[in-house]
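Hey, can you work out the whole structure from these sequences and the hints?
Number of protein chains: 2
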Amino acid sequence: MKYWFQDKYSINTILNIKIKETLFKGRSNYQRIEILDSYDFGRILVLDGIVNVTEKDEFIYHEMMVHVPLFTHSNPKKALVIGGGDGGIVRELSKHPQLNQIDLVEIDPMVVDKCKEFLPSVSVGFKESHLNVYFEDGAQFVKNKENFYDVIIIDSSDPVGTGKKLFQRNFYKNCFRALKEEGILTAQSETPTFEEELRIMKSMYTKLHRIFPIVKLFTAYVPSYTCGIWCFIICSRKCDPLKNFQVKRYKKVRLKNRYYNADIHRASFALPNFLKAEFNNF
Amino acid sequence: MKYWFQDKYSINTILNIKIKETLFKGRSNYQRIEILDSYDFGRILVLDGIVNVTEKDEFIYHEMMVHVPLFTHSNPKKALVIGGGDGGIVRELSKHPQLNQIDLVEIDPMVVDKCKEFLPSVSVGFKESHLNVYFEDGAQFVKNKENFYDVIIIDSSDPVGTGKKLFQRNFYKNCFRALKEEGILTAQSETPTFEEELRIMKSMYTKLHRIFPIVKLFTAYVPSYTCGIWCFIICSRKCDPLKNFQVKRYKKVRLKNRYYNADIHRASFALPNFLKAEFNNF
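Quick mapping for you: the protein sequence lines, in order, are chains A and B.
Residues 100 to 381, numbered by this note's numbering, are exactly what the first sequence covers, in order.
Residues 100 to 381, numbered by this note's numbering, are exactly what the second sequence covers, in order.
Be a bit skeptical, because a hint or two may be false.
Heads up, the list lumps identical chains together, so a pair's fine if it works in one copy or across two of them.
[Claimed, not checked] With a straight-line Cα cutoff of 20 Å, these simulated EDC-like cross-link-like pairs (lysine to aspartate or glutamate) come out:
hint, residue 1, residue 2
1, 194, 362
2, 117, 295
3, 119, 294
4, 306, 257
5, 342, 362
6, 315, 362
7, 107, 139
8, 155, 377
9, 155, 294
10, 355, 377
Think of the hints as simulated: they come from the structure by calculation, not from any bench.
Structure representation (structure tokens):
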């Protein structure tokens, strides 16, 4: 049945997306899950009423979350993905042949099941041979690791309900401990367009800045996310994403990507003045 | 009276913006004009049902349209604005002290009147002392100019109705002739997110590429425009916006800007692979 899905950017701004058909609607132990088929964005994974992944533009988010940190690290071997049950992050990680272990910790098996069923171009990531999938609480999982990972990618939902733990200071501290000396952490960090999300972004940045010596924001255009501009945070003890950009390895790997490239890597760190101004106390 | 304004991105994607009040609604000789007061975007100028300018984010569009070409030209003295009846382009031009003549050609006096009345932070541009305002057809105006301007900025609406002429090959040719040897032209060029706008962008690019030796796309985030990513075209005979970026003058002018800065100037030319692929036949 055709209808309009409402993606609420704020109480006063709503993106209405015309839906052809609801492919799945259910409730897991953790959240409401819907898979919708839309005219403009292809199939859409909706978690607790919020657009999570669309076939049209998921590549932008997933490429930026993965290749920016992977091409900042000089020799990444072990990666941890927290969340990421759709498979998109792993799909991009699998383009890096030097990785020999990828651990994915997703709390909700139903997300993985339904993405495997309805979003094959995203969940193709689960075919990666070096992958171990754990259906656990990511915040618990990371507590037991020390000096182990080269890269940690936090592919969280918004900080409500299930996702809340993945925005807390203790969790970030545990991630820091789980990383090796040259380790890198990346997390999605919402949008600066609306006040509520900007507040979340600033809170994340403040917490991470107390733990990691290097913390930088980068941006990408994600049309289906709140008004297009999306921010990410990259943190490390030692590696600067511009100074340490591994451009030679980037050229060697020859990614077949649709968004990320060497110019985009560098350009994504150029912040508009209004965004710099929000973070100039650090 | 409160209501929801519908900004149609496509027939299947609509941004709904909650309106506090309609400040003005009328019809000029050229178009329907509305000024709305919204909760999230401040006051909005709507022309023929399409969001044209919002108080929240007009600075992004206007700064990028002006400072990218102005800091590409080595010594701009004379500028022509075609369209731009809200005053935002002129406001940004007035930050360049070396300009000694700014001509603005707007077909619709009612746009200027209503922006002066309801959008003072934008229409403040009309106070610029070097400004001449002509209420004429921009396409006609430019026919009579030869080897005269250093910079031409086409601040057009979408290519429907009144705005259509400003997307035609003959008009671009006349702009080329109106420019001096080192002259630069900039135009807004829609978004690549939806097919119809991408088609317009490609058509503009094709036409301009047959006339100007140097033609480049650049991008900015404009939240109130279609799904956030907005494109611009810069063209010239001789000046490359990266190689000829006048970074020394930029530092001297000390703009008080909210979006544009030297990093953003360079970064705005980094195009995602999917966008490059659309233009790789040129």
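Status of each hint after checking the structure:
1. 194 with 362: Classified as within: same-chain Cα gap 19 Å, cross-chain 30 Å, threshold 20 Å.
2. 117 with 295: between (26 Å within a copy, 17 Å between copies)
3. 119 with 294: Between copies only: 19 Å across, 32 Å inside.
4. 306 with 257: within (16 Å within a copy, 44 Å between copies)
5. 342 with 362: Both. Shortest intra-copy (14 Å) and inter-copy (15 Å) distances satisfy the 20 Å Cα cut-off.
6. 315 with 362: For residue 315 and residue 362, both the intra-copy (17 Å) and inter-copy (15 Å) Cα distances are at most 20 Å.
7. 107 with 139: both (17 Å within a copy, 12 Å between copies)
8. 155 with 377: Intra 31 Å, inter 16 Å, cutoff 20 Å: inter-copy only.
9. 155 with 294: Answer is between: at 12 Å across copies they meet the 20 Å cutoff, but 27 Å inside does not.
10. 355 with 377: Result: close only across copies, 15 Å inter versus 35 Å intra.
Every hint from the earlier list agrees with this structure, and none is contradicted.
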